[in-house]
Amino acid sequence: MAFALVSGMGLAIDFLLFALLVHWGAQPGWANILSASVAVAFVFFASVQRIFAYDGGFLFGLFLAYLLYQIVAVIAASVAVGVLAARMSPLLAKLAVLPATFTANFAFMSLLTRGIRARIPAGHKEPFRDD
1 MAFALVSGMG LAIDFLLFAL LVHWGAQPGW ANILSASVAV AFVFFASVQR IFAYDGGFLF
61 GLFLAYLLYQ IVAVIAASVA VGVLAARMSP LLAKLAVLPA TFTANFAFMS LLTRGIRARI
121 PAGHKEPFRD D
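When you number the sequence shown by the numbering used here, it's gap-free, plus one each residue, and the end is 131.
Quick caveat, the hints were computed from the structure, so don't treat them as lab data. Treat the hints loosely; a few may be bogus.
Quick list of the computed label-pair ranges, beta carbon to beta carbon [as the list claims (entries may be wrong)]:
{"#": "1", "residue 1": "R114", "residue 2": "I75", "range": "18 to 26 Å"}
{"#": "2", "residue 1": "A86", "residue 2": "G61", "range": "33 to 41 Å"}
{"#": "3", "residue 1": "W30", "residue 2": "Y69", "range": "15 to 23 Å"}
{"#": "4", "residue 1": "S89", "residue 2": "L11", "range": "14 to 22 Å"}
{"#": "5", "residue 1": "R87", "residue 2": "A65", "range": "28 to 36 Å"}
{"#": "6", "residue 1": "G61", "residue 2": "F102", "range": "21 to 29 Å"}
{"#": "7", "residue 1": "L5", "residue 2": "R87", "range": "28 to 36 Å"}
Built from N, CA and C at the ideal position, the CB exists for glycine as well.
Build out the structure end to end from the sequences listed, making use of the hints.
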């Protein structure tokens, strides 16, 4: 539940910053790169970082996969927003890519956390569970 709340806050930050940047004259694709990057950083520091910490260690390989995925995902979504914004309002373009980005993020994080679960010995608490 906490992760969902933090993710929702990240979405709000992303959308608000995007809207402000476009209002101030930024190109939609570039505005999305900045707003999505700020939102990803917020979600990471507010919640996701604990996914990569386990028993005092840091799961660097999984964190690197997460970081690389986010770089590619933000760039791909920003290109899509830029292309769509040439045909519709930038805010509608941003909304139009959300289903694809949500689906991709969910699929990637499911895959990533499955990799983390495989490294946790039986009987130990998973670091990303809210219970």
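Among the hints numbered above, which are violated by the structure, and what are their numbers in rising order? No hint contradicted; all consistent.
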